[in-house]
Amino acid sequence: MLAEFKNLPLSKSASVVAAITLLVILIIGGCSTINRSDKQSKIERPCTTQLECIGQKIYQNETGGNVKHLIFWSPNEDFASLGVGHFIWYPQNKRLGFKETFPDLIRYLKANGADVPEWLSKQIQTGSLWSSREQLEQSRESRQFLSLQQLLLDTTDLQVSFLFERLENALPEMLKAADPGNHNRITQRFNTMKASPNGLYPLVDYVNFKGEGTALSERYDGLGWGLLQVLETMQAVPAGPQALKEFSRAADFVLTRRVDNSPVEKNEARWLEGWRVRVNTYAEGTAIAR
Numbered sequence: 001m002l003a004e005f006k007n008l009p010l011s012k013s014a015s016v017v018a019a020i021t022l023l024v025i026l027i028i029g030g031c032s033t034i035n036r037s038d039k040q041s042k043i044e045r046p047c048t049t050q051l052e053c054i055g056q057k058i059y060q061n062e063t064g065g066n067v068k069h070l071i072f073w074s075p076n077e078d079f080a081s082l083g084v085g086h087f088i089w090y091p092q093n094k095r096l097g098f099k100e101t102f103p104d105l106i107r108y109l110k111a112n113g114a115d116v117p118e119w120l121s122k123q124i125q126t127g128s129l130w131s132s133r134e135q136l137e138q139s140r141e142s143r144q145f146l147s148l149q150q151l152l153l154d155t156t157d158l159q160v161s162f163l164f165e166r167l168e169n170a171l172p173e174m175l176k177a178a179d180p181g182n183h184n185r186i187t188q189r190f191n192t193m194k195a196s197p198n199g200l201y202p203l204v205d206y207v208n209f210k211g212e213g214t215a216l217s218e219r220y221d222g223l224g225w226g227l228l229q230v231l232e233t234m235q236a237v238p239a240g241p242q243a244l245k246e247f248s249r250a251a252d253f254v255l256t257r258r259v260d261n262s263p264v265e266k267n268e269a270r271w272l273e274g275w276r277v278r279v280n281t282y283a284e285g286t287a288i289a290r
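Here the working numbering is used: the first residue of the sequence shown is 1, the next is one more, and so on.
Note that these hints are calculated values from the structure, not bench results.
Keep in mind that a hint or two might mislead.
Lysine-lysine pairs mimicking BS3-like chemistry, simulated, CA-CA at most 27 angstroms apart [unchecked claim]:
1. LYS99 x LYS57
2. LYS68 x LYS122
3. LYS68 x LYS57
4. LYS245 x LYS122
5. LYS99 x LYS68
6. LYS122 x LYS99
7. LYS110 x LYS68
8. LYS266 x LYS94
9. LYS110 x LYS94
10. LYS266 x LYS176
11. LYS94 x LYS57
12. LYS194 x LYS245
13. LYS266 x LYS122
14. LYS122 x LYS94
15. LYS57 x LYS122
16. LYS194 x LYS99
17. LYS194 x LYS176
18. LYS99 x LYS110
19. LYS122 x LYS110
20. LYS57 x LYS245
Bear in mind the structure is a predicted one, so any value in this text is a computation, not a measurement.
Based on the sequences and whatever the hints tell you, model everything.
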């Protein structure tokens, strides 16, 4: 599925081939529609190749195509990021206001038949394996680290499915949090992106990148920076290339506003250039070039 995996040892390459095979099985008959009673939440699930492509783009955005970065702790952050989507895992007794997603991923993997080690199922109840970046780096050859890395290599298909399921749940969550007067605008912009060729990639990537925008803890001066805020900022445009460009513009605006409103001591301006590179890929439906 991911080009970098071609250079893995045979055992890991075989695992990835198996994962891709599972992905093909995941969506029987190619494309299907999610059956939900709420028509606003109904999203046409991409064909297998589209889902693979979206996952590959997100993997490229998050890791630069480097398998070593499947388990990563940035020197600029206080938590580990793991998997295709760099899902956040906080150290024990540490919460920083951003949505922690790695424990939910592990529960999803287990519920969908993945061979999750018992120690990991217990560990997500208490917190990350590592309390610091240094501790993570020193443990790269440990039994638990290698076991976790193999699990992430073996479940790329399910991780992408987890990302897509988060998007499926995003619209009702955003409408619940938004001003009722904005519901039509948000739904229309969301549907415009869905209807655009390559429009699912920006939606799936951004909600994984900066969240739904519904958490009150993710605000500066009362203004968020998630998918909700991007959709509220978008102007009405037709589905297609114009919609991709408008989504990219709105995302840039929302992230720039976040930096402008952020506390000076956080120095968030250092991240803005990289964020802009990422959201610029939405206009063309392509991942970050490395």
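Right, here's what the structure says about each hint:
1. LYS99 x LYS57: OK: LYS99 and LYS57 at ~22 angstroms, within 27 angstroms.
2. LYS68 x LYS122: With Cα atoms ~24 angstroms apart, LYS68 and LYS122 stay inside 27 angstroms; holds.
3. LYS68 x LYS57: 17 angstroms, holds
4. LYS245 x LYS122: With a Cα-Cα distance of about 44 angstroms, the restraint between LYS245 and LYS122 is violated, given a limit of 27 angstroms.
5. LYS99 x LYS68: Holds, at about 23 angstroms.
6. LYS122 x LYS99: With a Cα-Cα distance of about 20 angstroms, the restraint between LYS122 and LYS99 holds, given a limit of 27 angstroms.
7. LYS110 x LYS68: 23 angstroms, holds
8. LYS266 x LYS94: Satisfied, since the Cα-Cα distance of roughly 18 angstroms is no more than 27 angstroms.
9. LYS110 x LYS94: Holds - the C-alpha atoms of LYS94 and LYS110 are around 25 angstroms apart, at most 27 angstroms.
10. LYS266 x LYS176: Distance ~30 angstroms between LYS266 and LYS176 Cα, so the pair is violated.
11. LYS94 x LYS57: The given pair, whose Cα atoms are some 30 angstroms apart, is violated under the 27 angstroms limit.
12. LYS194 x LYS245: Holds, at about 14 angstroms.
13. LYS266 x LYS122: With a Cα-Cα distance of about 33 angstroms, the restraint between LYS266 and LYS122 is violated, given a limit of 27 angstroms.
14. LYS122 x LYS94: 17 angstroms, holds
15. LYS57 x LYS122: Violated. LYS57 to LYS122 sits at ~31 angstroms, over the 27 angstroms cutoff.
16. LYS194 x LYS99: The given pair, whose Cα atoms are some 24 angstroms apart, holds under the 27 angstroms limit.
17. LYS194 x LYS176: 20 angstroms, holds
18. LYS99 x LYS110: The hint holds at about 20 angstroms.
19. LYS122 x LYS110: 12 angstroms, holds
20. LYS57 x LYS245: With a Cα-Cα distance of about 17 angstroms, the restraint between LYS57 and LYS245 holds, given a limit of 27 angstroms.
Violation of the numbered hints given earlier is confined to hints 4, 10, 11, 13, 15; the remaining hints are satisfied by the structure.
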